[in-house]
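Trainee: Chain by chain, the residues:
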Amino acid sequence: MTDLAKIRNFSIVAHIDHGKSTLADRLIQETGTVQDRDMKEQLLDAMDIERERGITIKANTVRIDYVADDGEAYVLNLIDTPGHVDFAYEVSRSMQAVEGSLLVVDSTQGVEAQTLANVYQAIEADHEIVPVLNKIDLPASDCDRVAEQIEDVIGIDASDAIHVSAKTGVGIHETLEAIVNRLPAPKGDRDAPLKAMLVDSWYDAYLGVIVLVRIVDGVLKKGDRIRMMSTNAVYPVERIGVFRPAMQVIDELGPGEIGFLTASIKQVRDTRVGDTITHEKKGCEKPLPGFKPAQPVVFCGLFPVDNAEFEDLRTAIEKLSLNDASFSSEMETSAALGFGFRCGFLGLLHLEVIRDRLEREYGIELITTAPSVVYHVHMRDGEVRELHNPADMPDLTHVDHIEEPRIKATILVPDEYLGDVLKLCQDRRGIQLDLTYAGSRAMVVYDLPLNEVVFDFYDRLKSVTKGYASFDYQMIGYREDHLVKMQILVNEEPVDALSVMVHRDRAETRGRAMVEKLKELIPRHMFKIPIQAAVGGRVVARETLSAMRKDVTAKCYGGDATRKRKLLDKQKAGKKKMRQFGKVEIPQQAFISALKMDD
Amino acid sequence: MTEDWQNAGFGLYVHWPFCQSLCPYCDFNSYVAASIDQRQWEEAYVREIKRLAAETGPRVLSTVFFGGGTPSLMAPETVHAILDAVRTAWPMANDAEITLEANPGSVEAGRFRGYREAGVNRVSMGVQALNDEDLKRLGRLHGVAEARAAFDVARSTFDRVSFDLIYARQHQTVDQWAAELREALSMAIDHLSLYQLTIEQGTAFGDRYDAGRLRGLPPEDDAAEMYERTQEICAAAGMPAYEISNHARPGAESRHNLLYWRYGDYAGIGPGAHGRLTLNGRRFATETHLQPGKWLDAQRSTGSGESLREEISPADQAVEYLLMGLRISEGISLERLHALDPNALNINKYNDLIYSGLIEAAGRQLRVTGKGRPLLNAILRELLSED
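For the protein sequence lines, the chains are D and C, in the order given.
For reference, each letter of the first sequence is one residue, going 1 to 599 in full-length UniProt numbering.
For reference, each letter of the second sequence is one residue, going 1 to 387 in full-length UniProt numbering.
So that you can see chain D by itself, here it is in the shape it has in the complex (with noise of 0.2 Å):
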């Protein structure tokens, strides 16, 4: 066990790209705690998804023993933080676990949006920040331009912030005599019961489940019997241990310490992130403050393409959920579509990283209908239902009132492209909060209905602003509206998976948009299709797809039947990429790409 003044626990908060992952390589590697030889770029972030998207899903952590210039042992505990805004709330919960933070800032780009809302996670976790301006050996590189913006926009002083260059490795001691000084060591009872938190936990084929927790009092050990405190349910510990980055056994983890545990819990789903770990007996009395159970934001349905699948789509959600508890999945029927499932993720990024791994780590090809918000759908008789599907929209004489939820976003751009932006968000239905300006970048905050977001909210604000844009968000709770349920007719028909919920005044906007694209994206037919967008009953736009005029081919001589009779059968595979709606058959790219608008 470590003796409290010598532990010092912190978290990096940094956008994407300014150096995080390179920079805890970098500790990590003057501190000795792994070889040269077995140093791999960016060494947190472990699946592949994450490492090709540059972030951070799950938590990680990593032990550094340091001697400090002050001839002193320390223990410097990193929990690395998933960055994205889908996983606030358990970022919310990686703060908690530590004492301080670094903040990273690109020294030649500055500060975004999703640095300000991990920093501002910090603050509200009460930490001490020590500000660090990295890239230092670029050229573009302003280190005071940069330290007067965070003083300006996250008001924290940076007259002392180390200058670094996680590249090259200047600053890197300096960074590290910082986290012994300026950083406070924990605090926690030894003699008191056990009170942990559970920070993150995640399935390993080995060990069956992981548990990353931080003691903040008493003692855990090896064979301990401890309670879930959301659940009561209780485990055996089997082992304990801490990162090095690799899994190291240790005999207890004492207050102060991050470590991790298993205790043959089978399933990710036993585990809440934020949940308080106590003893089975003498236990503590109260959990910690500001556990939430998961709740899923944005619904979509996933149906494989090949009806024949269902049963291995079936399989691989079952096997996914295990490893993660915000992922909820409820099977689907659709007239259109057949069987697949609802599935409910913390945010976009969450559902393309599921969706990405059921495809790539399963190999079952996968039809996404549009992601939809939860509406709060108050009902005459005073029922209120959530709806996570406008297939699911009740009968509209039954229906007092819908609520949406709504956002709180926070944009920094540079002013050339706030009129953009302010188009933009005004176009979206948002409804200005703040704009100020920092230098030569406005910050503005809006109140935007999470369903004009959620879809390609940020795909358009990066083609407005050139990428110049960052973004950030946080629920803000649910408002009435004047919200309805759109359908699309093909050729007559309505097709379930492209219904829509929309607000009354943008109805014949989107209508018009989604037609347009339908038009587009699905092939001539032997005959006239008719599509349109209809909002009870009533057609709010309308679009005639023409039918083909020619499809044939020139010459067929005897050397060209076997080449044609092959094509046709290639065809009959590539129909399984198509769904039949009556009798017009609609590629599955459609679902998707009928949505997203070009405003």
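Simulated from the structure, these hints should not be mistaken for laboratory data.
Any given hint could be a false lead.
What the hints assert, rightly or not - Below, computed lysine-lysine pairings styled on DSS-like, alpha-carbon distance capped at 30 Å:
{"#": "1", "chain 1": "D", "residue 1": "Lys517", "chain 2": "D", "residue 2": "Lys528"}
{"#": "2", "chain 1": "D", "residue 1": "Lys266", "chain 2": "D", "residue 2": "Lys281"}
{"#": "3", "chain 1": "D", "residue 1": "Lys292", "chain 2": "D", "residue 2": "Lys281"}
{"#": "4", "chain 1": "D", "residue 1": "Lys6", "chain 2": "D", "residue 2": "Lys221"}
{"#": "5", "chain 1": "D", "residue 1": "Lys566", "chain 2": "C", "residue 2": "Lys349"}
{"#": "6", "chain 1": "D", "residue 1": "Lys517", "chain 2": "C", "residue 2": "Lys349"}
{"#": "7", "chain 1": "C", "residue 1": "Lys349", "chain 2": "D", "residue 2": "Lys555"}
{"#": "8", "chain 1": "C", "residue 1": "Lys349", "chain 2": "D", "residue 2": "Lys519"}
{"#": "9", "chain 1": "C", "residue 1": "Lys371", "chain 2": "D", "residue 2": "Lys583"}
{"#": "10", "chain 1": "D", "residue 1": "Lys566", "chain 2": "C", "residue 2": "Lys294"}
{"#": "11", "chain 1": "D", "residue 1": "Lys517", "chain 2": "D", "residue 2": "Lys572"}
Unchecked claim - To give an idea of the interface, some chain D residues facing chain C are shown, with a C-beta separation under 10 Å as derived from the structure:
{"#": "12", "residue": "Cys143"}
{"#": "13", "residue": "Arg524"}
{"#": "14", "residue": "Phe527"}
{"#": "15", "residue": "Arg542"}
{"#": "16", "residue": "Ser546"}
{"#": "17", "residue": "Met548"}
{"#": "18", "residue": "Lys550"}
{"#": "19", "residue": "Thr553"}
{"#": "20", "residue": "Ala554"}
{"#": "21", "residue": "Thr562"}
{"#": "22", "residue": "Lys564"}
{"#": "23", "residue": "Arg565"}
{"#": "24", "residue": "Gln571"}
{"#": "25", "residue": "Lys583"}
To be verified - Listing some non-contacts, in silico: residues in chain D with all C-beta distances to chain C over 10 Å:
{"#": "26", "residue": "Leu116"}
{"#": "27", "residue": "Val219"}
{"#": "28", "residue": "Ile476"}
{"#": "29", "residue": "His525"}
{"#": "30", "residue": "Arg549"}
{"#": "31", "residue": "Asp551"}
Yeah, the Cβ is synthetic: ideal placement off N, Cα and C, and Gly gets one too.
Since the structure of chain D is already known, use the hints to place chain C on it.
Mentor: The following block gives chain C in isolation, referenced to the frame of chain D:
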């Protein structure tokens, strides 16, 4: 029992793979060679004919077709020797049709008499356009005047002469094509092949198209209109379409090509030639080596130029019968199709298509209507779809 192929007969295809230059639109198996030892080629063709005759046994051969490449680069003696071997190998029908594809150049025209003496009784000329600028764009070496002259020589030499034109060319309008077609009809005797320009992968046009540098191709609607006008103009001139791209006065159809579309048996010799042969009650697809050198070597060293022989299941035969047979206006025999595969057609789609007026069943024949013909590929996909 009557074998399926006997409904349509037996023919021989001879592939001559060489051209003087390659045309940018053509994806046929063709090569430019510095020099060709015609003697070697002649011997190889003759050995192939003997090999195949030994397999098929004596059956009446009704057609021979020299295709390419540019078969009019063959010496008349080579053609003569091949046809002598053919006549020895199989009993020939009295009215056997022997076609040779010819380039409409002055040099070729000089060989026409020799071809006739060898036994050729029909030529099909690759005129392609009646406009010098377009001929250049299509990579053709001849001009319009030369083509007309060669055509006149052909007319006076052979009983039957056909020529090819390509339409929906770059920068071509519907009216320009209609005018050109009328001019062609004034020259034509009894047969015309009229092809919409198709951009094929692996050709110079294909590469240019992929790179976005093939400009001025008529849009789909214009091409469709050119097709429709073609049907009207030719029908009015007494040369209706008997196949998607082929027009003839009744009785003057290419019997060799009809044999393909009626899904008969055909032997294929020369590089890259395909065949369909029924041997001992089983039907085979045959292919030969594509590369001229390889074909010649294989033929000499193993006694056969064949690179592939694969049995075609009756179900696949049904598909081939359908995709070939629906190209011709007479259509296919439902009885014959049923005998090959009773479940070949998707009955729901079949009914839909009948209802839409895209196909029609008259007696025991199924055929594509005039309305359906430009949509044949889509119709085939429907008829053969599984759901």
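Trainee: The structure should be examined with respect to each hint, and the outcome stated for every one.
Mentor: Against the structure, the hints come out as follows:
Annotation: proposed proximity of lysine 517(D) to lysine 528(D) holds, straight-line Cα distance about 16 Å (limit 30 Å). This hinted pair checks out: lysine 266(D) and lysine 281(D) have alpha carbons roughly 22 Å apart, not beyond 30 Å. For the hint linking lysine 292(D) to lysine 281(D), the alpha-carbon distance of about 24 Å falls within 30 Å, and the restraint holds. Under the criterion of a C-alpha separation no larger than 30 Å, the hint pairing lysine 6(D) with lysine 221(D) is consistent with the structure, at around 20 Å.
With a CA separation close to 21 Å, the supplied pair lysine 566(D) and lysine 349(C) stays within the 30 Å bound. This hinted pair checks out: lysine 517(D) and lysine 349(C) have alpha carbons roughly 28 Å apart, not beyond 30 Å. At most 30 Å may separate the alpha-carbon atoms for a hinted pair to count; lysine 349(C) and lysine 555(D) meet this at roughly 25 Å. Under the criterion of a C-alpha separation no larger than 30 Å, the hint pairing lysine 349(C) with lysine 519(D) is consistent with the structure, at around 23 Å.
Restraint check for lysine 371(C) and lysine 583(D): the C-alpha separation of about 19 Å stays at or below 30 Å, so the hint holds. Under the criterion of a C-alpha separation no larger than 30 Å, the hint pairing lysine 566(D) with lysine 294(C) is consistent with the structure, at around 25 Å. A hinted pair counts as satisfied when its Cα atoms are at most 30 Å apart, and lysine 517(D) with lysine 572(D) qualifies at roughly 25 Å. Look at cysteine 143(D): its Cβ only gets to about 47 Å from chain C, farther than 10 Å, so that hint breaks.
Here the hint on arginine 524(D) is kept, as its CB sits about 9 Å from the closest CB of chain C, short of 10 Å. Hint on phenylalanine 527(D) holds. Least Cβ distance to chain C is approximately 7 Å, under the 10 Å limit. At about 21 Å, the closest approach between the beta carbon of arginine 542(D) and any beta carbon in chain C exceeds 10 Å, and the interface hint on this residue is violated. Using the Cβ-Cβ criterion of 10 Å, the hint placing serine 546(D) at the interface with chain C is satisfied: the shortest such distance is roughly 9 Å.
Evaluation of the methionine 548(D) hint against chain C yields a held restraint, the C-beta minimum of about 6 Å falling below 10 Å. Look at lysine 550(D): its Cβ gets to within about 4 Å of chain C, closer than 10 Å, so that hint holds up. About 6 Å separates the beta-carbon of threonine 553(D) from the nearest beta-carbon of chain C, less than 10 Å, and the hint is met. Taking 10 Å as the C-beta cut-off, the interface hint given for alanine 554(D) holds, the closest approach to chain C being about 4 Å.
The criterion of a C-beta within 10 Å of any C-beta in chain C is met by threonine 562(D), whose closest approach is roughly 6 Å, and the hint holds. Here the hint on lysine 564(D) is kept, as its CB sits about 5 Å from the closest CB of chain C, short of 10 Å. Restraint check, arginine 565(D) versus chain C: the minimum CB separation of about 5 Å is within 10 Å; hint holds. Checking glutamine 571(D) against chain C: minimum C-beta separation of about 6 Å stays under 10 Å; hint holds.
Because the beta carbon of lysine 583(D) sits about 7 Å from the nearest beta carbon in chain C, less than 10 Å, this interface hint is met. Against chain C, the non-interface label of leucine 116(D) holds: every CB pair exceeds 10 Å, the least being about 44 Å. Distance check for valine 219(D) against chain C: the nearest CB is about 65 Å away, which clears 10 Å, and the non-interface claim stands. Taking the minimum C-beta to C-beta distance to chain C, about 48 Å, the non-interface status of isoleucine 476(D) holds against the 10 Å cut.
Against chain C, the non-interface label of histidine 525(D) is violated: not every CB pair exceeds 10 Å, the least being about 8 Å. With a cut of 10 Å on Cβ distances, arginine 549(D) falls inside the contact zone with chain C, its closest approach being about 4 Å. With 10 Å as the threshold on Cβ separation, the claim that aspartate 551(D) sits away from chain C is violated: the shortest Cβ distance comes to roughly 4 Å.
Violated hints, listed in ascending order, are 12, 15, 29, 30 and 31; each of the other numbered hints is respected by the structure.
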